[in-house]
Amino acid sequence: MILVLLPLSHFVFSSLCLAWHRGARALTQVSWGVDAALIGALWWGVRHGKTISVGLGGWGRSLGIELSADWVGLVFALLALLVGGAVSVYLSRVTLRSYFYVLLHLLLGCVFSILFAQDLFNIYVTLELLTLVSFLLVGYERTSIQIWVSLKYLMLTALGMGIYLLGLAVLYYHAGTVNLSELGVRLGTGAQQPWVIVSSSLLVTGVAVKAGIFVFSLWLPAAHAVAMPAVGALLSGLVIKMGVVVLMRLAAVFPVSVPLLVLGTMTGLLGIAYAVSTYDLRKLLAFHTLSQIGYLAVGLGIGTRVELTGAVEYAVGHGLFKALLFLAAGTVIASTGQNDIRSILLWRSRIPVNARLALLVAVLANLGLPPFAGFFGKAVLLSGAESVLIETILIAISIGTVVSFLKLLPLFWWGRGPSTSRSQSVSFLLLSVPIVLFSPLMQWLLPEWCWSLSFRTFPAVESVLIVVFGCLVYRFLPWRRIRMPDWVFHLEEATVIIISGFLLVCGLSLLP
Amino acid sequence: MGAINGVTVSIVLFGIGLLGLIFRRDLVIKLLALGLVNSSTILCLVSLNVRRGGAVPILRGPDIRHVVDPLPQALVLSAIVINFAILALALVFVMLLVERYHTTDSRRIEHEIDSEGSS
Chain F
56 MILVLLPLSH FVFSSLCLAW HRGARALTQV SWGVDAALIG ALWWGVRHGK TISVGLGGWG
116 RSLGIELSAD WVGLVFALLA LLVGGAVSVY LSRVTLRSYF YVLLHLLLGC VFSILFAQDL
176 FNIYVTLELL TLVSFLLVGY ERTSIQIWVS LKYLMLTALG MGIYLLGLAV LYYHAGTVNL
236 SELGVRLGTG AQQPWVIVSS SLLVTGVAVK AGIFVFSLWL PAAHAVAMPA VGALLSGLVI
296 KMGVVVLMRL AAVFPVSVPL LVLGTMTGLL GIAYAVSTYD LRKLLAFHTL SQIGYLAVGL
356 GIGTRVELTG AVEYAVGHGL FKALLFLAAG TVIASTGQND IRSILLWRSR IPVNARLALL
416 VAVLANLGLP PFAGFFGKAV LLSGAESVLI ETILIAISIG TVVSFLKLLP LFWWGRGPST
476 SRSQSVSFLL LSVPIVLFSP LMQWLLPEWC WSLSFRTFPA VESVLIVVFG CLVYRFLPWR
536 RIRMPDWVFH LEEATVIIIS GFLLVCGLSL LP
Chain A
47 MGAINGVTVS IVLFGIGLLG LIFRRDLVIK LLALGLVNSS TILCLVSLNV RRGGAVPILR
107 GPDIRHVVDP LPQALVLSAI VINFAILALA LVFVMLLVER YHTTDSRRIE HEIDSEGSS
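Just so you know, the sequences run in chain order F and A. Each residue of the first sequence is one higher than the one before, starting from 56 at the first, in our numbering. Each residue of the second sequence is one higher than the one before, starting from 47 at the first, in our numbering.
One chain only, chain F, in its complex shape:
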């Protein structure tokens, strides 16, 4: 019942917002309460590692629409609740058309339906809906650059979803079902047949365009940097994570671990290289999203239980602190009137204290220092890496993260800024509290076996060492000379790269 109500209530709220313009803000608060109640009920249902599922339409599993929720869905639903709440509080003093709230509700509804979807076609429909909604959100302010970037986003993701649908067609022809758990059973034996490779590479390519895997998601940096800060928080915190969730579901069924490992490494390292070479604050954050998605994809590619737990924990933690980073960066940019980090530093006395503190918490979490959210996922992902090579890659990505964030260091020097806005403080708190209290929160939410897996090892010293080493690299290596090409982000080039990326995935799937 909850599984149907949670997405559907948002579609109801969005149409109510459309009908009643003045009450849109109040309706959003009401819907937040409804969500909290429903997610609480959901937690009651899945609390001991159980799964609740419901078949719609009465056609059985292989034909009908199945929705199901387990602990993964639960923690991501909580992430959606927190990020959505923080964004709506952050915007509560800004005058917006009610149309924005309509889109916000549609976005949350799509997010919840993706989390519970159990068949590949339902995932296709909800991903496309999510694309449409985020397309409209990116272009909300109607500036020329926003319109162009969102158009590019729509065209590239529509191509990606076309590729995904082609994979679905091949899959349905051979396997006769699109339900994920049924597919798991049917693919169990002949996993290396050619059609499995073709369809799984098509599906992975299609989802990778949405999920922020680097050679595919070339629309991402511009879209996240150009949109309103609140929209950037939604996109980076939630929408990208939905692609990751779908990749996780695919990786559980198809033999795609080698492509995911290679793509993850590539995403991580290239994301870092671009992040190091840019001085635009929001572009820096966007490239960071890419590099951290690479981290997650490596974890999914290894695919053991430890790594999957780590990936879920890190994805949720990353959603929280990346949303906080975008919101705080929005305040920083609004108060200084600058985009470039070097000019922001000149005007740093104008930055309010709350934005400074929020930025500090989020950056520390992103660096993976203990008590903060980023630490747990990173620690689990590192401890589960079996070979030295993979461990080196993960550590290299972490060090690169430190190097590119140290540019922001002078922002945190103490100084009394101008007066702070209360609604923004509340919204920052809403995200910072779960970031700081991540470990008790996860202990309370996750089933026991996940938790014991997460805390077999506790490499706090290692994470501090990574930060120290990153500082040394920042001080002594000539990272400022790194220049990355910009032409890859143009529309035509990005299309060519997506297609050649598909061939790459195909080739990699053929490897044992």
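Derived from the structure by calculation, the hints contain no laboratory data. From the three backbone atoms N, C-alpha and C, an ideal C-beta is built for every residue, glycine too. A couple of the hints might just be wrong.
[Unchecked claim] Derived Cβ-Cβ restraints for the label pairs, each shown as a range:
#: 1; chain 1: A; residue 1: Ala120; chain 2: F; residue 2: Gly100; range: 48 to 54 Å
#: 2; chain 1: F; residue 1: Trp114; chain 2: A; residue 2: Thr54; range: 29 to 35 Å
#: 3; chain 1: A; residue 1: Arg70; chain 2: F; residue 2: Ser199; range: 41 to 47 Å
#: 4; chain 1: F; residue 1: Trp542; chain 2: A; residue 2: Val138; range: 24 to 30 Å
Use these hints to put chain A onto chain F, whose structure you have.
Just chain A, lined up with the frame of chain F:
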């Protein structure tokens, strides 16, 4: 079945659409090419699951054993609607761009927007 069937046609159409997306610089034609790509996947999905001489899939029909598989058709219906929505929305945004820049050339628009951003 011969060499020319729904599947091969759909693959050819997919290729034509891709070439259009890559090589044509007119945004409207690009969107048409995108529509071609998406429609060709729909054709592929339907024609892979075709059954010669099958009856219309209606419950309580005359003979339930020889009906075509209804699932792909149900899937295709939602895919068509989604593609329509994408094309319609994208065309609206192209219209806004054309009003501001008086061209549909994607390279020129991208160049002008980049130069606006840097100045």
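Outcome of the hint check:
1. A:Ala120 - F:Gly100: 48 to 54 Å: Since Ala120 of chain A and Gly100 of chain F have Cβ atoms about 29 Å apart, the given range 48 to 54 Å is violated.
2. F:Trp114 - A:Thr54: 29 to 35 Å: This hint holds: roughly 32 Å between Cβ atoms.
3. A:Arg70 - F:Ser199: 41 to 47 Å: Since the Cβ atoms of Arg70 of chain A and Ser199 of chain F sit about 22 Å apart, the hinted range of 41 to 47 Å is violated.
4. F:Trp542 - A:Val138: 24 to 30 Å: holds, 28 Å
Violation of the numbered hints given earlier is confined to hints 1, 3; the remaining hints are satisfied by the structure.
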